[in-house]
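**Student:** Listed here are the chains, written in short residue letters.
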Amino acid sequence: MAENLVGTVGPEQQFKNFLSEGKFMIQRCKSLNKFFFHPRVAFPGSGERDLEWVEASGNGEVYSSSCNRRLPEKGGDFNLSLITLEEGPRMMARVEGVDPDKVEIGQKVKARISSLNGEPAVIFDIV
Amino acid sequence: MDQNDINRLRGKTAVVGLAESGCGLASGWSAMEIMANAVHDALDDAGIKLKEVDGVFAATAFHSMAAMSLSEYLGVKPKFADGSQIGGSSFLSHILTAAMALDAGLINVAVVAYGSNQKSAGGFKTISEAMPYEAQYQPRMPVTAYALSAKRYMNEFGATREDLANVAVSARDWALLNPRAYTHQDGPLTVNDVLSARPIVDPLGKLDCCLVTDGGAAVVMTRSDRAKDTKNTPIYLLGAAMEHHHRMISEMPDLVQTSAIESGKRAFSMSGYNPNDMSTIQLYDAFTINTLLFLEDLGFCKKGEAKELVKNNNIGPAGNLKVNTNGGGLSCVHPGMYGLFVTLEALRQLRNASGDDVGQRLDGGWIDNAKLSVAHGNGGVLSSQVTNIWGVSDTL
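Residue numbers (this note's numbering), protein chains in the order written: chain A, 50 to 176; chain B, 47 to 442.
Hints were generated in silico from the structure; no laboratory data involved.
Worth double-checking, as some hints may not be accurate.
Output of the computed footprint for chain A on chain B, the stretches with three or more beta carbons under 8 Å from beta carbons of chain A [stated by the list, open to error]:
1. 137 to 148
2. 209 to 216
3. 387 to 401
Distance ranges between label pairs, derived from CB positions [stated by the list, open to error]:
4. B:Met111 <-> A:Ser80: 35 to 43 Å
5. A:Gly124 <-> B:Gly204: 51 to 59 Å
6. B:Asp239 <-> A:Asp126: 50 to 58 Å
7. B:Met146 <-> A:Ile175: 18 to 26 Å
8. A:Glu110 <-> B:Lys357: 27 to 35 Å
9. B:Lys357 <-> A:Lys159: 36 to 44 Å
10. B:Glu354 <-> A:Ala91: 37 to 45 Å
11. A:Lys159 <-> B:Asp414: 53 to 61 Å
12. B:Asp239 <-> A:Ser95: 46 to 54 Å
13. A:Pro93 <-> B:Glu175: 18 to 26 Å
14. B:Gly233 <-> A:Asp174: 28 to 36 Å
Note that the Cβ used here is the ideal one computed from N, Cα and C, for glycine as well.
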């Protein structure tokens with residue numbers, strides 16, 4: 050039941066709070082034994098609500114990648130990728146530490162928590 | 047409910063009037079004024095008076111309650127209205143909803159409309175709020191999403207930027223035959239032009255991306271019994287279906303397969319025709335990758351084979367497949383949401399072949415004997431997919 054939400058925060062804020070504590074957490078449905086991302090109040094598609102937070106391994110693989118062109122004075126080009134996590138779900142993130150146009154599909158990556166514009170953010174490095 | 051229940055809408059309604067307004071540049075005109083111009087012109091085209099309109103369908107990036115704002119502006123008091131916003135395909139879904147409302151007897155005359163002054167008002171205007179879990183990475187939406195799909199497509203099927211460029215080259219060749227196209231005077235494109243254009247989000251460059259223009263459009267729909275008595279050739283809605291599987295690109299189940307697979311299958315099934323029966327193929331080409339994906343997902347070839355299908359200008363004016371015959375969003379017009387222009391071109395080709403005067407084209411710009419057109423709309427980031435099948439009376 051979720052009729053009265055006073056004094057609690059939703060999964061999106063919980064995710065951000067974990068990031069602020071330096072933890073990259075994803076949700077798992079206990080009865081299905083399946084992970085999912087992004088965070089939600091119930092398992093997508095079938096609605097199970099027996100969820101728990103589990104710290105992600107941080108291991109992933111590049112599913113697709115793009116090099117976003119930007120003027121040098123605005124920060125220069127940057128990478129934006131979709132990462133398939135070892136646990137199964139996929140997420141958007143940046144891959145850093147290599148030229149933004151040199152991130153290739155299938156490369157293994159590892160997550161770390163960094164910050165973007167003052168907010169904690171999951172960033173990946175090529176393994 | 048089974049497919050037979052859905053199929054009872056087949057051929058029950060028709061478009062009896064259409065118009066566009068302010069395509070290209072319309073400095074000094076508001077989005078509402080452009081949209082209203084299109085509605086009045088479409089009603090004139092149909093020979094139907096404004097006071098008969100009792101169904102209003104609209105979506106724009108400028109109006110949170112577009113159907114209500116448009117109704118008020120027109121001075122119409124609709125008995126049914128819908129402003130559902132599923133991105134650029136909204137209008138193809140409005141057409142399905144309008145057909146349902148007409149068939150149910152809720153309304154007698156529907157207008158479906160769009161208007162935008164984005165170009166003269168300063169450039170691409172997004173309709174989208176920032177996406178949670180994506181926004182902080184600052185994707186350049188929608189281009190980044192389509193680039194991610196294109197990169198994956200190239201990786202899975204061995205496609206190249208040249209394959210994508212072939213789509214833009216053919217679109218331009220069609221635009222050269224269409225005086226209404228924004229790039230009509232710009233001359234042909236070469237593959238090398240596309241490859242050497244300014245990179246936006248790799249692997250997509252500027253010429254892999256649609257135009258940014260102003261423009262509005264409208265269609266008028268009635269039940270088929272009434273349509274027979276209007277002044278121009280009615281074009282019948284034979285099939286319509288929609289589906290979507292995600293909103294954010296990071297949630298797209300498979301970057302190289304869109305839900306057009308499902309919308310297309312159901313729309314063609316409802317129409318009783320196959321992809322190969324289509325005289326013209328109008329696809330929502332916001333980016334070059336779209337055309338490849340939709341040719342495959344709608345069944346014109348197998349997955350991964352569209353790169354072969356578009357070679358040698360096979361989707362251009364001299365080719366076997368008459369794809370995006372107005373020049374498409376890439377070379378004709380793209381005022382932010384392109385769905386109603388996909389529809390207009392599908393309808394215009396059929397009306398021209400039926401003898402209506404719907405404008406001039408250079409030789410080869412009109413498809414002789416066109417009887418069936420598929421109009422396919424895309425919205426969001428390869429998200430919402432809506433397929434409409436249109437036919438002339440002897441396809442009923």
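**Student:** Which earlier hints can't be squared with this structure?
**Tutor:** Result: hints 1, 2, 3, 5, 6, 7, 14 break, sorted rising.
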